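S.K.: Chain by chain, the residues run as shown.
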Amino acid sequence: MAELPELSLPEDPKLAQNITHFARALRKAGLPIGPGRVVDAVEAVAAAGFTSRQDFYWTLHACFVSKPEHRVVFTQVFRLYWRDPRFLERMMAALLPAIKGVQEEQAAKPGEKRAAEALLDGANQDVDAPESVEDESTEIEIDAALTISSDERLRSLDFEQMSTDEVARAKKILAQISLPVQPMLSRRLMAAKQGDRADWRRTFREAARRGGDIQSIARAKRRHRWPNLVVICDISGSMSHYSRIVLHFLHAVANAKGAGWARVHGFTFGTRLTNITRHMATRDVDAALAAAGAEAQDWEGGTRIGACLHEFNRDWSRRVMGQGAVVLLITDGLDRDDPKALAQEMQRLHLSARRLIWLNPLLRWDGFAAKAQGIRAMLPHVDSFRAGHSIASLEDLAAVISRPEDSGEKARLLSQMGVQT
Amino acid sequence: MIQAQLIQAQSIDHVQQMLTEQGYVCGRPLATIVFLSLKLGRPLFLEGEAGVGKTEIAKALAAAFGRRLIRLQCYEGLDASSAVYEWNFAAQMVAIRTAEAAGGADRATLQTELFSDEFLVERPLLEAMRPDENGPPVLLIDELDRTDEPFEAFLLEALSDFQVTIPELGTIKAPEPPIVVLTSNRTREVHDALKRRCLYHWVDYPDFAREVEILKARAPEASDQLSREVVAFVQTLRTEDLFKKPGVAETIDWANCLLALDVIDLSPEVIADTLGAILKYQDDISQLQGSEAKRILDQARASLDEA
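Residue numbers (this note's numbering), protein chains in the order written: chain A, 18 to 438; chain B, 2 to 308.
Please note: incorrect hints may appear among the correct ones.
In silico SDA-like cross-links for lysine to any residue, where the CA-CA straight-line distance does not exceed 25 Å [stated by the list, open to error]: (1) LYS84(A) / ARG198(B); (2) LYS84(A) / PHE155(B); (3) LYS60(B) / ALA220(B).
Since the hints were made in silico from the structure, they are not lab data. Keep in mind that this is a model prediction, so the values were computed, not measured.
If we strip away everything but chain A, and leave its shape as in the complex, we get (with noise of 0.2 Å):
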């Protein structure tokens, strides 16, 4: 390891060193900790004393863990760092084999893994992460004279249908779209000339200027805020051709700053629910994917609808719908399961969000009906139902997020419906 600033602390600098090498072991192990962090957890531990193993572990708990989340990887981390070093070493060793790619590592505990490649100093960089299946690299040149006909083209051409070529001039002109959303009304003023309100700060501020003359009365209007967004796709089997390039959208929306979205949070799903908000945030979209697609083991598997809904319902939806989210849920809705319980998770989501619209790819055939069990459940609890196969359909998207109103195919599908029930 590299040689520490000496850090001017009072007692024990033997200590103060350990607990530095800690931090920065949990700084490995993907904790944020800065250095301001190691200096309060320093003085914690000289305020708390160091009697018991206990109360040490808990003063320097409360100084590094900032998410329910880390405590995993920080107790792991922790019990391998303070223990007798010998320990550490037979603990390494065991782990060497598994890091080097030997599939060993079924029996590490949550965290435990991550806690021992942190103290293991990098040792396993040459590790990555699995590569994106699909080969993202083909570059090409786009001849400008042909290039509005071909994007025209381009357009309305599903996804299923394209080349690699026209895949990867796909995803150029997703990134460009937007989705201009409406705003909400917040609770917080801002000063405006025709406000509704009267703002008595400013305008005794003014009047005082002015030696205690109020000449006209300052007025404030409710400012306006963006909703989050929230993305739900369906990565299953059925899904592949259309969940990549949704992803890719999805990486567009999550990075266009000041778009019209306050934060976008990322979710997937074929038979486990996944959260790649994280990933999303990563600038280089194929390095995005590429992290989304490690961290979701269930790619092109099978498709448990209601039970994920159900877990991120249970998990999530208090945790990222709490502000007013609306919710973009893509998928074919082709589900085996329970269908009443579908039912019931579907109307669950869309009570709690402000907008649910269900984006469905298989909506690309005009003749499309709902015969599907898990269509029908799903479609009487979404605000709009549109298709999502092509860019125009992702673009007709974009309209639709700013007109509240619409419901997009949700009607004529329902009377379909009641017509032959």
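For chain A, the structure is supplied; the task is to place chain B on it using the hints.
M.R.: Just chain B, lined up with the frame of chain A:
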């Protein structure tokens, strides 16, 4: 400056004991954090599910140390005028009119008079910065996740330097930093910059023994047998797949409901009648209808017998 607090909080054990005397049963981890926050003068940031006693700790702290409790309930759109200070506009208006009527509307005097302490309406944050005869007060900033990011950013100044700025009066600094407790239900992620300035603790559901202890402190009329059964049932219920798991507050509420109904012993019928005290979602309640409540009760009793 921290001396005044040091006199009262000597060790982790001492803190734990003082909180217990106030009827707040807390584990060693929480007591450690509280002690550190008192000793280092750092705000305490508590996160956890609803009803695990995050707000209660501030109340218990205030009572235990004989301090004043100042509570700032957060909500969307909370701004400086309702969190820090506001001028008393009506009184200012009267003062202007009086000065005009008296004919002595001297500009400079009027200005200093209009923006003096006399016309200042203090809100929780400013109040907490003022010296208090009982020592620095306990400032509870409740449900921080309900407010928006701009307010969080505003708190950065207030919580790191314990000072607030009023343009007309200048900066007001707390002579001694108040004991600050922030709570969040995690309906959104609070920014790291704010968390960094605080000591963080995730308040979890208590284990069986501690919850029985809490129930004894909060509902002392309940018989031993009943409180053990109630806690066992709630603990088993938390292992079920529920939309909202019952918190400690629900356990206490439920025990009080049962007491009011003169229940001595839990039975599936009693549970069905009083389920609304522990479960607050229709989905969860319907899940417990019929034989399900009996199954959980049997399971809870079995775990009681084991112990």
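S.K.: All hints, please: hold or fail.
M.R.: Against the structure, the hints come out as follows:
Between LYS84(A) and ARG198(B) the alpha-carbon distance is near 14 Å, which keeps this suggested pair within the 25 Å criterion. A distance of roughly 22 Å separates the Cα atoms of LYS84(A) and PHE155(B); the hinted pair therefore holds under the 25 Å criterion. As the CA atoms of LYS60(B) and ALA220(B) are separated by approximately 18 Å, the hinted pair is consistent with the 25 Å bound.
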